[in-house]
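Participant: FYI, the numbering used here numbers position 348 of the sequence shown as 1440, with every residue one higher than the one before it.
No lab work stands behind these hints, which were simulated from the structure alone.
Incorrect hints may appear among the rest.
Stated by the list, open to error - Pairs of lysine-lysine, DSS-like flavour, derived with a Cα cap of 27 Å: (1) LYS1231 / LYS1209; (2) LYS1209 / LYS1465; (3) LYS1411 / LYS1197; (4) LYS1445 / LYS1538; (5) LYS1209 / LYS1538; (6) LYS1411 / LYS1236; (7) LYS1538 / LYS1562; (8) LYS1465 / LYS1224; (9) LYS1224 / LYS1445; (10) LYS1209 / LYS1197; (11) LYS1224 / LYS1236; (12) LYS1411 / LYS1202; (13) LYS1445 / LYS1231; (14) LYS1445 / LYS1465.
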Amino acid sequence: MRCLKKKTLLFLLIFVSLNVHRTPSQEAHPARQRKPFFERLRRLEEQFQRFQQVTLTHLQNIANNYNVYHNMDVRFQSLVEQSQAVALAMNQSQAAIQGDVAHLKTWYRKSQRRSQKVDARLQALDLSLSTKSRQWVEKEGEQKAQREAIASLALSVQALQDALASLTQQVHSQGARLAALEGQTQRASSGTVALGLTTAPNPTQLAQRGPGSLQLWRDRQVAKSSPQHRSSPHDVTVHVQEMQKFQTPSSHQAAPPRTYQGPGNICNTDPVLIFPNTSTENVIFLSPGFLMPLRALSFCSWVRMATSHLGTLLSYATKDNDNKLVLHGRNSLVPGSIHFVIGDPDFRELSLKPLLDGQWHHICIIWTSVEGKYWLHIDRRLVATGSRFREGYEIPPGGSLVLGQEQDTVGGEFDSSEAFVGSISGLAIWDRALLPREVANLASGKELPTGAILTLTNVTSVGGFVQRAKCTCLEQCPYATP
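Full structure from sequences and hints, please.
Facilitator: Now the structure itself:
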(Lines of atoms letter the chains of each structure in order from A and count residues from 1; the text may use other names and numbers.)
(Lines give C-alpha, C1' and ligand atoms only; values in the text may rest on other atoms or scores of the structure.)
Protein backbone atom coordinates (compact mmCIF):
# COMPACT_ATOMS: atom_id res chain seq x y z
CA MET A 1 0.00 0.00 0.00
CA ARG A 2 2.80 2.48 0.84
CA CYS A 3 4.53 1.85 -2.48
CA LEU A 4 1.29 2.53 -4.34
CA LYS A 5 0.73 5.82 -2.54
CA LYS A 6 4.26 6.94 -3.36
CA LYS A 7 3.73 6.20 -7.03
CA THR A 8 0.45 8.10 -7.02
CA LEU A 9 2.01 11.15 -5.36
CA LEU A 10 4.87 11.15 -7.86
CA PHE A 11 2.40 11.00 -10.71
CA LEU A 12 0.53 14.05 -9.36
CA LEU A 13 3.71 16.09 -8.95
CA ILE A 14 4.72 15.38 -12.53
CA PHE A 15 1.27 16.26 -13.73
CA VAL A 16 1.24 19.58 -11.80
CA SER A 17 4.69 20.54 -13.04
CA LEU A 18 3.58 20.02 -16.64
CA ASN A 19 0.60 22.15 -16.15
CA VAL A 20 2.73 24.92 -14.56
CA HIS A 21 5.01 24.99 -17.61
CA ARG A 22 2.09 25.28 -19.94
CA THR A 23 0.52 28.09 -17.98
CA PRO A 24 2.51 31.05 -19.54
CA SER A 25 1.67 29.98 -23.02
CA GLN A 26 -1.91 29.74 -22.12
CA GLU A 27 -2.02 33.12 -20.43
CA ALA A 28 -1.90 34.70 -23.86
CA HIS A 29 -5.21 33.30 -24.61
CA PRO A 30 -6.82 32.97 -21.24
CA ALA A 31 -10.29 33.19 -22.34
CA ARG A 32 -9.84 30.82 -25.14
CA GLN A 33 -7.96 28.10 -23.17
CA ARG A 34 -9.61 28.39 -19.73
CA LYS A 35 -12.51 26.29 -20.64
CA PRO A 36 -10.53 23.39 -22.16
CA PHE A 37 -8.27 23.46 -19.15
CA PHE A 38 -11.09 22.81 -16.79
CA GLU A 39 -12.39 20.17 -19.10
CA ARG A 40 -9.10 18.54 -19.16
CA LEU A 41 -8.73 18.93 -15.43
CA ARG A 42 -12.15 17.41 -14.95
CA ARG A 43 -11.31 14.53 -17.26
CA LEU A 44 -7.98 14.13 -15.53
CA GLU A 45 -9.74 14.05 -12.20
CA GLU A 46 -12.12 11.42 -13.53
CA GLN A 47 -9.22 9.44 -14.87
CA PHE A 48 -7.49 9.84 -11.55
CA GLN A 49 -10.61 8.60 -9.72
CA ARG A 50 -10.90 5.70 -12.08
CA PHE A 51 -7.21 5.03 -11.67
CA GLN A 52 -7.62 5.29 -7.90
CA GLN A 53 -10.52 2.84 -7.99
CA VAL A 54 -8.56 0.47 -10.17
CA THR A 55 -5.60 0.86 -7.85
CA LEU A 56 -7.75 0.24 -4.80
CA THR A 57 -9.31 -2.74 -6.47
CA HIS A 58 -5.88 -4.02 -7.37
CA LEU A 59 -4.68 -3.40 -3.85
CA GLN A 60 -7.70 -5.20 -2.43
CA ASN A 61 -7.00 -8.11 -4.73
CA ILE A 62 -3.38 -8.10 -3.59
CA ALA A 63 -4.53 -8.02 0.05
CA ASN A 64 -7.00 -10.81 -0.59
CA ASN A 65 -4.32 -12.86 -2.32
CA TYR A 66 -2.00 -12.21 0.61
CA ASN A 67 -4.66 -13.41 3.01
CA VAL A 68 -5.20 -16.50 0.86
CA TYR A 69 -1.49 -17.18 0.77
CA HIS A 70 -1.27 -16.67 4.54
CA ASN A 71 -4.18 -19.07 5.08
CA MET A 72 -2.53 -21.56 2.76
CA ASP A 73 0.70 -21.35 4.78
CA VAL A 74 -1.22 -21.92 8.00
CA ARG A 75 -3.09 -24.80 6.46
CA PHE A 76 0.09 -26.24 5.04
CA GLN A 77 1.78 -25.97 8.44
CA SER A 78 -1.19 -27.70 10.08
CA LEU A 79 -1.08 -30.37 7.41
CA VAL A 80 2.61 -30.90 8.13
CA GLU A 81 1.90 -31.22 11.84
CA GLN A 82 -0.95 -33.63 11.13
CA SER A 83 1.25 -35.72 8.85
CA GLN A 84 3.93 -35.83 11.55
CA ALA A 85 1.33 -36.91 14.11
CA VAL A 86 0.02 -39.55 11.70
CA ALA A 87 3.57 -40.80 11.09
CA LEU A 88 4.21 -40.99 14.83
CA ALA A 89 0.94 -42.86 15.35
CA MET A 90 1.83 -45.21 12.51
CA ASN A 91 5.24 -45.88 14.05
CA GLN A 92 3.65 -46.58 17.42
CA SER A 93 1.02 -48.84 15.89
CA GLN A 94 3.72 -50.63 13.89
CA ALA A 95 5.74 -51.23 17.06
CA ALA A 96 2.63 -52.51 18.84
CA ILE A 97 1.82 -54.77 15.89
CA GLN A 98 5.38 -56.12 15.88
CA GLY A 99 5.09 -56.86 19.61
CA ASP A 100 1.77 -58.61 19.06
CA VAL A 101 3.25 -60.60 16.19
CA ALA A 102 6.18 -61.65 18.41
CA HIS A 103 3.74 -62.75 21.13
CA LEU A 104 1.71 -64.63 18.55
CA LYS A 105 4.84 -66.35 17.25
CA THR A 106 5.82 -67.36 20.78
CA TRP A 107 2.31 -68.60 21.50
CA TYR A 108 2.27 -70.49 18.22
CA ARG A 109 5.57 -72.20 19.00
CA LYS A 110 4.33 -73.14 22.47
CA SER A 111 1.07 -74.40 21.02
CA GLN A 112 2.97 -76.38 18.41
CA ARG A 113 5.18 -77.98 21.06
CA ARG A 114 2.14 -78.78 23.17
CA SER A 115 0.34 -80.23 20.18
CA GLN A 116 3.41 -82.34 19.41
CA LYS A 117 3.45 -83.59 22.99
CA VAL A 118 -0.28 -84.32 22.82
CA ASP A 119 0.17 -86.11 19.48
CA ALA A 120 3.04 -88.14 20.90
CA ARG A 121 1.01 -89.06 23.95
CA LEU A 122 -1.96 -89.96 21.78
CA GLN A 123 0.28 -92.13 19.62
CA ALA A 124 1.72 -93.78 22.73
CA LEU A 125 -1.79 -94.32 24.09
CA ASP A 126 -2.91 -95.66 20.74
CA LEU A 127 0.04 -98.04 20.69
CA SER A 128 -0.67 -99.06 24.27
CA LEU A 129 -4.36 -99.58 23.50
CA SER A 130 -3.56 -101.60 20.39
CA THR A 131 -1.08 -103.68 22.41
CA LYS A 132 -3.63 -104.19 25.17
CA SER A 133 -6.32 -105.04 22.63
CA ARG A 134 -4.03 -107.66 21.10
CA GLN A 135 -3.31 -108.96 24.58
CA TRP A 136 -7.05 -109.10 25.30
CA VAL A 137 -7.61 -111.00 22.06
CA GLU A 138 -4.82 -113.39 22.96
CA LYS A 139 -6.22 -113.77 26.48
CA GLU A 140 -9.67 -114.45 25.04
CA GLY A 141 -8.15 -117.10 22.81
CA GLU A 142 -6.32 -118.59 25.76
CA GLN A 143 -9.48 -118.49 27.88
CA LYS A 144 -11.43 -120.14 25.09
CA ALA A 145 -8.78 -122.84 24.83
CA GLN A 146 -8.86 -123.22 28.61
CA ARG A 147 -12.64 -123.50 28.59
CA GLU A 148 -12.43 -126.17 25.91
CA ALA A 149 -9.73 -127.94 27.89
CA ILE A 150 -11.86 -127.72 31.03
CA ALA A 151 -14.84 -129.12 29.13
CA SER A 152 -12.77 -132.00 27.80
CA LEU A 153 -11.31 -132.50 31.27
CA ALA A 154 -14.82 -132.64 32.71
CA LEU A 155 -15.71 -135.31 30.17
CA SER A 156 -12.55 -137.22 31.10
CA VAL A 157 -13.42 -136.89 34.80
CA GLN A 158 -16.89 -138.24 34.10
CA ALA A 159 -15.40 -141.14 32.19
CA LEU A 160 -12.98 -141.77 35.05
CA GLN A 161 -15.84 -141.70 37.54
CA ASP A 162 -17.73 -144.27 35.45
CA ALA A 163 -14.61 -146.44 35.26
CA LEU A 164 -14.11 -146.07 39.01
CA ALA A 165 -17.68 -147.21 39.66
CA SER A 166 -17.18 -150.29 37.52
CA LEU A 167 -13.88 -150.99 39.26
CA THR A 168 -15.62 -150.68 42.63
CA GLN A 169 -18.10 -153.36 41.57
CA GLN A 170 -15.27 -155.60 40.42
CA VAL A 171 -13.49 -155.05 43.75
CA HIS A 172 -16.60 -156.15 45.64
CA SER A 173 -16.93 -159.31 43.55
CA GLN A 174 -13.22 -160.03 43.98
CA GLY A 175 -13.65 -159.57 47.75
CA ALA A 176 -16.27 -162.32 47.81
CA ARG A 177 -13.97 -164.63 45.89
CA LEU A 178 -11.09 -163.85 48.22
CA ALA A 179 -13.25 -164.73 51.22
CA ALA A 180 -13.97 -168.15 49.70
CA LEU A 181 -10.29 -168.68 48.90
CA GLU A 182 -9.40 -167.69 52.47
CA GLY A 183 -11.60 -170.48 53.86
CA GLN A 184 -9.99 -173.03 51.54
CA THR A 185 -6.51 -171.80 52.49
CA GLN A 186 -7.21 -172.11 56.22
CA ARG A 187 -8.37 -175.71 55.77
CA ALA A 188 -5.30 -176.58 53.72
CA SER A 189 -2.85 -174.87 56.09
CA SER A 190 -3.49 -177.32 58.97
CA GLY A 191 -2.19 -180.25 56.91
CA THR A 192 0.83 -178.30 55.78
CA VAL A 193 1.83 -177.35 59.33
CA ALA A 194 1.70 -181.00 60.37
CA LEU A 195 4.24 -181.83 57.67
CA GLY A 196 6.59 -179.06 58.93
CA LEU A 197 6.37 -176.89 55.82
CA THR A 198 6.23 -173.14 55.82
CA THR A 199 2.97 -171.88 54.44
CA ALA A 200 2.68 -169.05 52.04
CA PRO A 201 0.80 -166.00 53.29
CA ASN A 202 -2.90 -166.09 52.62
CA PRO A 203 -4.76 -163.34 50.73
CA THR A 204 -5.98 -161.73 53.96
CA GLN A 205 -2.41 -161.40 55.26
CA LEU A 206 -1.30 -160.05 51.89
CA ALA A 207 -4.14 -157.56 51.94
CA GLN A 208 -3.05 -156.39 55.39
CA ARG A 209 0.48 -155.87 54.10
CA GLY A 210 -0.75 -153.73 51.26
CA PRO A 211 -2.33 -153.86 47.82
CA GLY A 212 1.07 -154.41 46.21
CA SER A 213 1.62 -157.69 48.07
CA LEU A 214 -1.82 -158.94 47.08
CA GLN A 215 -1.17 -158.12 43.44
CA LEU A 216 2.21 -159.86 43.61
CA TRP A 217 0.56 -162.97 45.04
CA ARG A 218 -1.92 -163.02 42.20
CA ASP A 219 0.90 -162.69 39.65
CA ARG A 220 2.68 -165.65 41.25
CA GLN A 221 -0.47 -167.76 41.14
CA VAL A 222 -0.83 -167.00 37.47
CA ALA A 223 2.85 -167.76 36.90
CA LYS A 224 2.55 -171.13 38.59
CA SER A 225 -0.38 -172.10 36.41
CA SER A 226 1.58 -171.22 33.26
CA PRO A 227 4.10 -173.95 32.24
CA GLN A 228 6.02 -171.55 30.02
CA HIS A 229 6.82 -169.05 32.82
CA ARG A 230 10.36 -169.08 34.10
CA SER A 231 11.86 -166.83 36.75
CA SER A 232 14.66 -164.47 35.73
CA PRO A 233 16.55 -161.60 37.31
CA HIS A 234 14.59 -159.20 35.14
CA ASP A 235 11.30 -160.62 36.45
CA VAL A 236 12.50 -160.28 40.03
CA THR A 237 13.44 -156.69 39.38
CA VAL A 238 10.04 -155.98 37.89
CA HIS A 239 8.29 -157.53 40.87
CA VAL A 240 10.41 -155.57 43.32
CA GLN A 241 9.61 -152.36 41.48
CA GLU A 242 5.94 -153.27 41.51
CA MET A 243 6.12 -154.04 45.24
CA GLN A 244 7.73 -150.69 45.92
CA LYS A 245 5.17 -148.98 43.76
CA PHE A 246 2.19 -150.58 45.37
CA GLN A 247 3.51 -150.26 48.89
CA THR A 248 3.62 -146.46 48.67
CA PRO A 249 0.68 -144.80 50.40
CA SER A 250 -2.24 -144.16 48.17
CA SER A 251 -2.90 -140.73 49.66
CA HIS A 252 -1.30 -137.78 47.76
CA GLN A 253 1.55 -136.04 49.60
CA ALA A 254 1.75 -132.30 48.90
CA ALA A 255 5.11 -130.87 47.82
CA PRO A 256 6.83 -128.75 50.46
CA PRO A 257 6.07 -125.00 50.08
CA ARG A 258 8.54 -123.01 48.04
CA THR A 259 10.53 -120.60 50.15
CA TYR A 260 11.60 -117.18 48.90
CA GLN A 261 15.23 -117.34 47.83
CA GLY A 262 17.33 -114.22 47.65
CA PRO A 263 16.98 -111.22 49.95
CA GLY A 264 16.90 -113.30 53.12
CA ASN A 265 20.61 -113.94 52.83
CA ILE A 266 21.63 -110.54 51.44
CA CYS A 267 23.60 -108.75 54.11
CA ASN A 268 26.00 -105.86 54.49
CA THR A 269 24.19 -103.65 51.98
CA ASP A 270 23.93 -99.89 52.03
CA PRO A 271 21.74 -98.21 54.66
CA VAL A 272 18.05 -98.84 54.13
CA LEU A 273 15.89 -95.77 53.36
CA ILE A 274 12.34 -96.14 54.66
CA PHE A 275 9.51 -94.00 53.22
CA PRO A 276 6.70 -94.45 55.78
CA ASN A 277 3.83 -92.53 54.15
CA THR A 278 2.71 -90.45 51.16
CA SER A 279 3.76 -87.08 52.55
CA THR A 280 5.12 -84.74 49.88
CA GLU A 281 7.96 -83.88 52.27
CA ASN A 282 9.35 -87.44 52.02
CA VAL A 283 12.00 -86.87 49.38
CA ILE A 284 15.71 -87.60 48.96
CA PHE A 285 18.02 -85.46 46.84
CA LEU A 286 21.14 -86.88 45.18
CA SER A 287 24.05 -84.69 44.12
CA PRO A 288 25.76 -84.27 41.83
CA GLY A 289 23.28 -85.33 39.18
CA PHE A 290 24.36 -86.49 35.76
CA LEU A 291 27.59 -84.70 34.87
CA MET A 292 27.74 -85.98 31.28
CA PRO A 293 25.08 -86.79 28.67
CA LEU A 294 23.82 -90.37 28.99
CA ARG A 295 23.30 -92.60 25.96
CA ALA A 296 22.86 -95.67 28.16
CA LEU A 297 21.56 -96.23 31.68
CA SER A 298 21.28 -99.00 34.29
CA PHE A 299 19.19 -98.50 37.44
CA CYS A 300 19.34 -101.26 40.09
CA SER A 301 18.01 -101.35 43.65
CA TRP A 302 16.52 -103.52 46.37
CA VAL A 303 12.86 -102.52 46.85
CA ARG A 304 10.16 -103.50 49.31
CA MET A 305 6.67 -102.08 48.82
CA ALA A 306 4.29 -101.20 51.64
CA THR A 307 1.17 -100.37 49.58
CA SER A 308 -0.84 -101.92 46.76
CA HIS A 309 0.68 -99.52 44.20
CA LEU A 310 4.24 -98.61 43.39
CA GLY A 311 4.99 -94.90 43.67
CA THR A 312 7.69 -92.91 41.92
CA LEU A 313 11.12 -94.41 42.57
CA LEU A 314 13.24 -91.85 40.70
CA SER A 315 12.70 -88.47 39.03
CA TYR A 316 15.23 -86.46 36.98
CA ALA A 317 14.14 -82.97 35.83
CA THR A 318 15.78 -80.18 33.85
CA LYS A 319 14.69 -76.64 32.99
CA ASP A 320 13.56 -77.75 29.53
CA ASN A 321 11.63 -80.85 30.64
CA ASP A 322 10.61 -81.97 34.14
CA ASN A 323 10.34 -85.61 32.98
CA LYS A 324 13.72 -86.30 31.40
CA LEU A 325 14.03 -89.60 33.30
CA VAL A 326 11.27 -90.93 35.58
CA LEU A 327 10.32 -94.29 37.09
CA HIS A 328 6.82 -92.98 37.61
CA GLY A 329 4.10 -94.62 39.65
CA ARG A 330 0.84 -93.34 41.08
CA ASN A 331 -2.27 -94.72 42.75
CA SER A 332 -4.34 -94.48 39.56
CA LEU A 333 -2.14 -96.89 37.59
CA VAL A 334 -2.58 -100.64 37.40
CA PRO A 335 -1.31 -102.14 40.70
CA GLY A 336 2.32 -103.11 40.41
CA SER A 337 3.01 -101.11 37.23
CA ILE A 338 5.18 -98.07 36.57
CA HIS A 339 5.87 -95.80 33.61
CA PHE A 340 9.48 -95.82 32.47
CA VAL A 341 9.79 -92.27 31.01
CA ILE A 342 12.75 -90.96 29.02
CA GLY A 343 12.23 -87.47 27.59
CA ASP A 344 8.52 -86.88 28.16
CA PRO A 345 6.09 -87.78 26.58
CA ASP A 346 7.67 -91.10 25.50
CA PHE A 347 7.32 -93.91 28.04
CA ARG A 348 6.97 -97.67 28.41
CA GLU A 349 4.70 -99.33 30.96
CA LEU A 350 6.52 -101.99 33.01
CA SER A 351 4.84 -104.57 35.24
CA LEU A 352 6.37 -105.09 38.71
CA LYS A 353 3.60 -107.31 40.10
CA PRO A 354 6.05 -109.61 41.98
CA LEU A 355 6.74 -106.62 44.26
CA LEU A 356 3.15 -106.63 45.56
CA ASP A 357 3.90 -109.38 48.10
CA GLY A 358 5.56 -106.92 50.50
CA GLN A 359 8.93 -108.77 50.39
CA TRP A 360 12.36 -107.57 49.32
CA HIS A 361 13.01 -107.83 45.57
CA HIS A 362 15.91 -106.80 43.41
CA ILE A 363 15.05 -104.85 40.23
CA CYS A 364 17.26 -103.66 37.38
CA ILE A 365 15.99 -101.41 34.58
CA ILE A 366 18.46 -101.04 31.70
CA TRP A 367 18.23 -98.82 28.60
CA THR A 368 20.50 -97.96 25.68
CA SER A 369 19.97 -95.50 22.85
CA VAL A 370 21.35 -98.05 20.38
CA GLU A 371 18.14 -99.26 18.70
CA GLY A 372 16.30 -97.99 21.80
CA LYS A 373 16.55 -101.33 23.61
CA TYR A 374 15.52 -101.80 27.24
CA TRP A 375 15.42 -104.69 29.73
CA LEU A 376 13.68 -105.31 33.07
CA HIS A 377 15.20 -107.81 35.53
CA ILE A 378 13.42 -108.88 38.74
CA ASP A 379 15.33 -111.16 41.13
CA ARG A 380 17.89 -112.03 38.40
CA ARG A 381 15.16 -113.02 35.93
CA LEU A 382 14.54 -111.13 32.68
CA VAL A 383 10.81 -110.37 32.75
CA ALA A 384 10.44 -107.73 30.01
CA THR A 385 12.37 -106.36 27.07
CA GLY A 386 11.74 -104.15 24.05
CA SER A 387 13.25 -101.81 21.47
CA ARG A 388 12.57 -98.61 19.50
CA PHE A 389 12.31 -96.67 22.77
CA ARG A 390 14.06 -93.29 22.46
CA GLU A 391 16.43 -94.62 19.81
CA GLY A 392 19.45 -92.32 19.47
CA TYR A 393 18.29 -90.12 22.37
CA GLU A 394 20.65 -88.51 24.88
CA ILE A 395 19.73 -87.68 28.47
CA PRO A 396 21.20 -84.20 29.16
CA PRO A 397 23.25 -83.36 32.25
CA GLY A 398 22.75 -80.64 34.85
CA GLY A 399 19.30 -81.60 36.18
CA SER A 400 17.80 -82.35 39.59
CA LEU A 401 17.70 -86.01 40.74
CA VAL A 402 15.35 -87.09 43.57
CA LEU A 403 14.05 -90.36 45.04
CA GLY A 404 10.52 -91.06 46.26
CA GLN A 405 8.71 -88.16 44.51
CA GLU A 406 7.89 -86.96 40.96
CA GLN A 407 9.02 -83.43 40.08
CA ASP A 408 6.64 -81.16 38.17
CA THR A 409 9.27 -78.41 38.36
CA VAL A 410 12.98 -78.62 39.05
CA GLY A 411 13.21 -79.73 42.68
CA GLY A 412 9.56 -79.21 43.63
CA GLU A 413 5.78 -79.40 43.08
CA PHE A 414 5.38 -82.93 44.42
CA ASP A 415 2.07 -84.87 44.45
CA SER A 416 1.18 -87.25 47.28
CA SER A 417 -0.60 -89.58 44.85
CA GLU A 418 2.76 -90.20 43.15
CA ALA A 419 4.81 -90.69 46.34
CA PHE A 420 6.67 -93.95 47.03
CA VAL A 421 5.83 -95.84 50.23
CA GLY A 422 8.24 -98.63 51.13
CA SER A 423 11.97 -99.26 51.54
CA ILE A 424 14.98 -98.89 49.25
CA SER A 425 18.50 -100.23 49.64
CA GLY A 426 21.58 -100.82 47.51
CA LEU A 427 20.50 -98.30 44.86
CA ALA A 428 23.05 -97.60 42.13
CA ILE A 429 23.07 -96.05 38.64
CA TRP A 430 25.51 -96.76 35.79
CA ASP A 431 26.05 -94.90 32.52
CA ARG A 432 26.21 -98.18 30.61
CA ALA A 433 24.08 -101.27 30.05
CA LEU A 434 24.93 -103.95 32.61
CA LEU A 435 25.47 -107.52 31.40
CA PRO A 436 23.15 -110.31 32.59
CA ARG A 437 26.03 -111.85 34.56
CA GLU A 438 26.60 -108.54 36.36
CA VAL A 439 22.88 -108.26 37.16
CA ALA A 440 22.88 -111.82 38.56
CA ASN A 441 25.97 -111.14 40.69
CA LEU A 442 24.46 -107.89 41.95
CA ALA A 443 21.17 -109.58 42.88
CA SER A 444 23.10 -112.35 44.66
CA GLY A 445 25.04 -109.87 46.75
CA LYS A 446 28.38 -110.97 45.33
CA GLU A 447 29.83 -107.77 43.96
CA LEU A 448 28.96 -104.27 42.75
CA PRO A 449 29.73 -103.83 39.03
CA THR A 450 32.38 -101.21 38.35
CA GLY A 451 31.64 -97.74 37.01
CA ALA A 452 28.62 -96.74 39.11
CA ILE A 453 28.08 -92.98 38.71
CA LEU A 454 25.56 -92.61 41.57
CA THR A 455 24.84 -94.59 44.75
CA LEU A 456 23.20 -93.86 48.09
CA THR A 457 26.50 -92.32 49.21
CA ASN A 458 25.55 -89.37 46.97
CA VAL A 459 22.51 -88.54 49.13
CA THR A 460 22.75 -84.87 50.15
CA SER A 461 19.31 -84.26 51.68
CA VAL A 462 16.76 -86.47 53.42
CA GLY A 463 13.42 -84.72 53.94
CA GLY A 464 10.19 -85.30 55.80
CA PHE A 465 9.65 -88.59 57.64
CA VAL A 466 12.19 -90.63 55.66
CA GLN A 467 14.20 -92.86 58.01
CA ARG A 468 17.69 -94.33 57.71
CA ALA A 469 18.10 -97.86 59.06
CA LYS A 470 21.31 -99.85 59.32
CA CYS A 471 20.39 -103.53 59.08
CA THR A 472 22.75 -106.49 59.12
CA CYS A 473 20.50 -108.26 56.63
CA LEU A 474 17.57 -106.92 54.65
CA GLU A 475 14.99 -109.28 56.18
CA GLN A 476 15.75 -107.80 59.61
CA CYS A 477 14.87 -104.25 58.60
CA PRO A 478 11.62 -102.74 59.94
CA TYR A 479 8.65 -102.35 57.64
CA ALA A 480 7.30 -99.03 56.47
CA THR A 481 3.92 -98.31 58.04
CA PRO A 482 1.82 -96.18 55.70
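Participant: All hints, please: hold or fail.
Facilitator: To see whether the hints hold, each was checked on the structure:
no., hint, verdict
1, LYS1231 / LYS1209, "violated (32 Å)"
2, LYS1209 / LYS1465, "holds (22 Å)"
3, LYS1411 / LYS1197, "holds (21 Å)"
4, LYS1445 / LYS1538, "holds (26 Å)"
5, LYS1209 / LYS1538, "violated (43 Å)"
6, LYS1411 / LYS1236, "violated (51 Å)"
7, LYS1538 / LYS1562, "holds (19 Å)"
8, LYS1465 / LYS1224, "holds (20 Å)"
9, LYS1224 / LYS1445, "holds (17 Å)"
10, LYS1209 / LYS1197, "holds (18 Å)"
11, LYS1224 / LYS1236, "holds (18 Å)"
12, LYS1411 / LYS1202, "holds (15 Å)"
13, LYS1445 / LYS1231, "holds (18 Å)"
14, LYS1445 / LYS1465, "holds (22 Å)"
Hints 1, 5 and 6, counting from the list given before, are not met by this structure.
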